[in-house]
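Q: Protein chains in written order, with this note's numbering: chain E, 13 to 119; chain B, -5 to 109.
Everything labelled a hint here was simulated from the structure, so no lab data went into it.
Please read these numbers as outputs of a predicted model, since none were measured by experiment.
Do not take every clue at face value.
Label pairs and their calculated CB-CB ranges [what the hints assert, rightly or not]:
id, chain 1, residue 1, chain 2, residue 2, range
1, E, Glu91, B, Gly9, 28 to 36 Å
2, B, Lys(-3), E, Glu91, 21 to 29 Å
3, E, Pro20, B, Lys68, 42 to 50 Å
4, B, Ala3, E, Ser88, 32 to 40 Å
5, B, Ser69, E, Arg30, 45 to 53 Å
6, E, Gly40, B, Thr52, 24 to 32 Å
7, E, Glu117, B, Lys57, 26 to 34 Å
A short, non-exhaustive set of chain B residues, derived as facing chain E with CB atoms under 10 Å [stated by the list, open to error]:
id, residue
8, Ser38
9, Leu39
10, Gly43
11, Asn53
12, Tyr74
13, Gln101
Here are the simulated BS3-like pairs of lysine-lysine, each with C-alpha atoms no more than 25 Å apart in a straight line [stated by the list, open to error]:
id, chain 1, residue 1, chain 2, residue 2
14, E, Lys57, B, Lys37
15, B, Lys17, E, Lys57
16, B, Lys37, B, Lys7
17, E, Lys51, B, Lys(-3)
18, B, Lys(-3), E, Lys57
19, E, Lys51, B, Lys37
20, B, Lys37, E, Lys119
Beta carbons are placed, not taken as given, at the ideal position from N, Cα and C, and that holds for glycine.
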Amino acid sequence: DIQMTQTPSSMPASLGERVTISCRASQGISNYLNWYQQKPDGTIKPLIYYTSNLQSGVPSRFSGSGSGTDYSLTISSLEPEDFAMYYCQQYDSSPWTFGGGTKLELK
Amino acid sequence: QVKLLQSGAALVKPGDSVKMSCKASGYTFTDYIIHWVKQSHGKSLEWIGYINPYSGGTNYNEKFKSKATLTVDKSSSTAYMEFSRLTSEDSAIYYCARDYSGDYWGQGVMVTVSS
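So that you can see chain B by itself, here it is in the shape it has in the complex (with noise of 0.2 Å):
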């Protein structure tokens, strides 16, 4: 069955970046885009942006895009989404999610950004 499993919870400092996985399982990997979703604390859900596998093309969110890079490793079948110069307002619970009918969500990744 269809498996989008996230890595594990990251505590960081102030000004570091951190990097985040989605592996995913049950399909082929280049024929669905990969999309990423942050959640603050209480709020409701932003798009950061998606990719796609096949292609490595990317479409971001503005707001991130200073702050997100999006990439995949197709041999792994793994999406990766690095977030940079972290502050506490990148605290939040990030999300990977397949296709645009988003049919299939990860478990999500609580980062924690704190000295």
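Extracted from the complex, chain E is given alone in its bound form (with noise of 0.2 Å):
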């Protein structure tokens, strides 16, 4: 199985701060990496896709990059409602696979 590493696994940040979020995967995976955001409510939302296509509605302050191996998340400014987890997950081969996740949380 891939094995996909996040880091940090928890970020303190500030608002309007620019922040990164790193996944690499333990082999190549083509650029076949999501990005997804998770409230405490559980809700889940899909934010990249393919490494760096922004899904329908997610702000232009998000975006994704990377390639082989490793793969980031960007957020350029803060904003409160980015304060939550942010899983990455690869789907280049089966089974699919997770990130452990980051928690952004407020300075």
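Since each chain sits alone in its own frame, please combine them into the complex, following the hints.
A: This is the structure we're talking about:
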């Protein structure tokens, strides 16, 4: 199985700050990488698909990049609603696997 | 608009089975795969598998192959997941989601296994 290592596991940050979350795959995943946001009530919101494509309705302050084994999610200027859990997920090969998550917290 | 509406929470006894549903609306059901994801309390997400509603073809995570059965009812645009021989380890929230891109998710179903 492909292991997805997400860093950091938690990140204190301030409103307006630019933050980057990283995701490293144990082998190349050919850009088949999605990003999700999960709120404390359990609601999962898709953010990015295929490394860098914004899902419909997602604000442009979110962006994704990467290739090979290394991928990242960047939020250019944090808004109050962005403080949540974030997960990466590869779908290059079965079983699809998720990163361990990053908790973005208000500093 | 696209919606995936999941069935309600379930309290089941160890050794029993549970069947949960994911009703799709707002798009052509057979055009997109439906996949299922498990989230144990306080943990990350685990992919269970997906089903192609058009063909009925499935792809399971080996870990869940003897535990989960994925089916669809095209007439009602509903996907189902049955989890069998339940143990406390199966207590979790289960989500359905659409497409390889994961562009829409259900609200999740909490399953509690307890005697």
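Q: Against each hint, give a clear statement of whether it holds in the structure.
A: Hint check:
1. At roughly 47 Å, the beta-carbon separation of E/Glu91 and B/Gly9 lies outside the given 28 to 36 Å, and the hint is violated.
2. For B/Lys(-3) and E/Glu91, the Cβ-Cβ distance of about 26 Å falls inside the hinted range of 21 to 29 Å, so the restraint holds.
3. For E/Pro20 paired with B/Lys68, a C-beta distance near 44 Å keeps the hint of 42 to 50 Å intact.
4. Separation of B/Ala3 from E/Ser88 is about 38 Å and conforms to the stated range, judged on CB atoms against 32 to 40 Å.
5. Taken as a hint, the range 45 to 53 Å holds for the pair B/Ser69 and E/Arg30, whose Cβ atoms sit roughly 49 Å apart.
6. E/Gly40 and B/Thr52 have their C-beta atoms about 26 Å apart, which keeps the hinted 24 to 32 Å range intact.
7. Distance hint check for E/Glu117 and B/Lys57: the Cβ-Cβ separation is about 31 Å, which falls inside the suggested range of 26 to 34 Å.
8. Annotation: B/Ser38 was flagged as interfacial toward chain E, and the flag holds, the nearest CB pair being 5 Å apart, inside 10 Å.
9. At a threshold of 10 Å, the smallest CB-CB gap from B/Leu39 to chain E is about 4 Å, leaving the interface hint in force.
10. The criterion of a C-beta within 10 Å of any C-beta in chain E is met by B/Gly43, whose closest approach is roughly 8 Å, and the hint holds.
11. Hint status for B/Asn53 relative to chain E: holds, with the closest Cβ pair at about 6 Å, below 10 Å.
12. For B/Tyr74, the interface hint is violated, the least distance from its beta-carbon to any beta-carbon of chain E being 20 Å, above 10 Å.
13. The interface hint given for B/Gln101 holds, since its Cβ lies 7 Å from the closest Cβ of chain E, which is under the 10 Å cut-off.
14. Among the hinted pairs, E/Lys57 with B/Lys37 is consistent with the structure: their alpha-carbon atoms are about 17 Å apart, no more than 25 Å.
15. With a CA separation close to 18 Å, the supplied pair B/Lys17 and E/Lys57 stays within the 25 Å bound.
16. In summary, the hint linking B/Lys37 to B/Lys7 is supported, as the alpha carbons are separated by about 22 Å, within the 25 Å threshold.
17. Simply put, E/Lys51 and B/Lys(-3) have alpha-carbon atoms about 18 Å apart, close enough for the 25 Å limit, and the pair holds.
18. Between B/Lys(-3) and E/Lys57, the direct Cα distance comes to roughly 13 Å. Compliance with the 25 Å bound is thereby established for this hinted pair.
19. Proposed proximity of E/Lys51 and B/Lys37 is supported: the alpha carbons are some 14 Å apart, at most 25 Å.
20. Distance hint between B/Lys37 and E/Lys119 is fulfilled; the C-alpha atoms sit about 23 Å from each other, no more than 25 Å.
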